[in-house]
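Peer 1: Chains A and B supply the protein sequences, listed in that same order. Counting from 431, one number per residue, gives the positions in the first sequence under my numbering. Counting from 431, one number per residue, gives the positions in the second sequence under my numbering.
Please note that the accuracy of each hint is not assured.
The list makes no distinction among identical chains, and a pair is therefore deemed to hold if it is satisfied within one copy or across any two copies.
To be verified - For lysine-lysine, the following BS3-like pairs were computed, each having C-alpha atoms within a straight-line distance of at most 27 Å:
1. 551 with 481
2. 551 with 612
3. 481 with 613
Just so you know, these hints were derived from the structure itself, not from any lab.
Protein chains: 2
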Amino acid sequence: MGRWVPGARGRLQLAAMELYAERGFEQTTVAEIATRAGLTERTFFRHFADKREVLFAGQDQLTELVLAALAEAPAELSALDAATAAFAASTELFGERPDGPRARQSIIDAHPELQERELIKLARLGSAIAEGLERRGVAAPAASLAAQSSVAVFRTGFERWTTADDGRSLDACLREALAELKKVASAP
Amino acid sequence: MGRWVPGARGRLQLAAMELYAERGFEQTTVAEIATRAGLTERTFFRHFADKREVLFAGQDQLTELVLAALAEAPAELSALDAATAAFAASTELFGERPDGPRARQSIIDAHPELQERELIKLARLGSAIAEGLERRGVAAPAASLAAQSSVAVFRTGFERWTTADDGRSLDACLREALAELKKVASAP
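Build the full structure now, drawing on both the sequences and the hints.
Peer 2: This is the structure:
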């Protein structure tokens, strides 16, 4: 048994992101990630199932953050407003600057199998949000439609935040995307 | 070389759906599907990559139908209305009665890996619709938001059509889901 290394998970994530950027995702091995982090492969596999999972390690945390924020959103907010506001809580996960999320996204965008994994994770998040909305008393079809729409808003706002990099916050980009969705849905 | 059998594809699909319903998707082999259809395994593999693909064989046709209908939708329709109306063209693929689609859906819903495959196919369809909307002159963020919203409307309307089975057409179920989405997006 190797001894417990504080911060091992974070060091592995950092090492992986550096290596993916330097030599590409395909070309990077778990052994190299562990070496760069000053840890063993065994420690890597204690934290992540494979090198893909390093990229999606934040997804469970994202779901937790969004669901917690949704449960605490003011009762007077509409289903769609509450779900979109809940996504703003993800700033706690992504940070104030889009550099890290952008680097991660560029790796995902370059690999169809990673894109598929992300689409599935977002669809699952949408289902979890629909359940969260039902717990707020929203009827089933409206909850599902609001949840899927909020995921569309998140994807649009997140993409703008990471690509524009004009100093606007993720929250501001989400609000802008929400306004656009409402415009799209109300167009005569 | 086996000789060309007319209607082989349709016979294989029918045989597969019968066997999936009778003994379950997992328990059915390609050999059994071919035998039931009175064909060889070799013929099966000329039409489908594997037994999963039998379930998703209509997806390319769905994309073609929806994109063709979108290109021909009246110019005065909003992006979301045009995309949702385009989905109504899928009646040509699904038929007037929801029995076949319901049987297929119950198999997919029972298998997480088939659900994932369907989610990915729907997400790809959403991207194709976004491109179709851009060709209609819709700006990029609105096109993507309208496309993703139309997929949410399709999922909701399709689910209602296959589960309620109250004689309403798919088109009517899609219109109802669209009205609900608009209500969700305009709630104060």
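Peer 1: Each hint needs a verdict: does it hold in this structure or not?
Peer 2: Now the hints, each set against the structure:
1. 551 with 481: both (17 Å within a copy, 25 Å between copies)
2. 551 with 612: Both: 25 Å inside a copy, 26 Å across copies.
3. 481 with 613: For residue 481 and residue 613, neither the intra-copy (41 Å) nor the inter-copy (43 Å) Cα distance is at most 27 Å.
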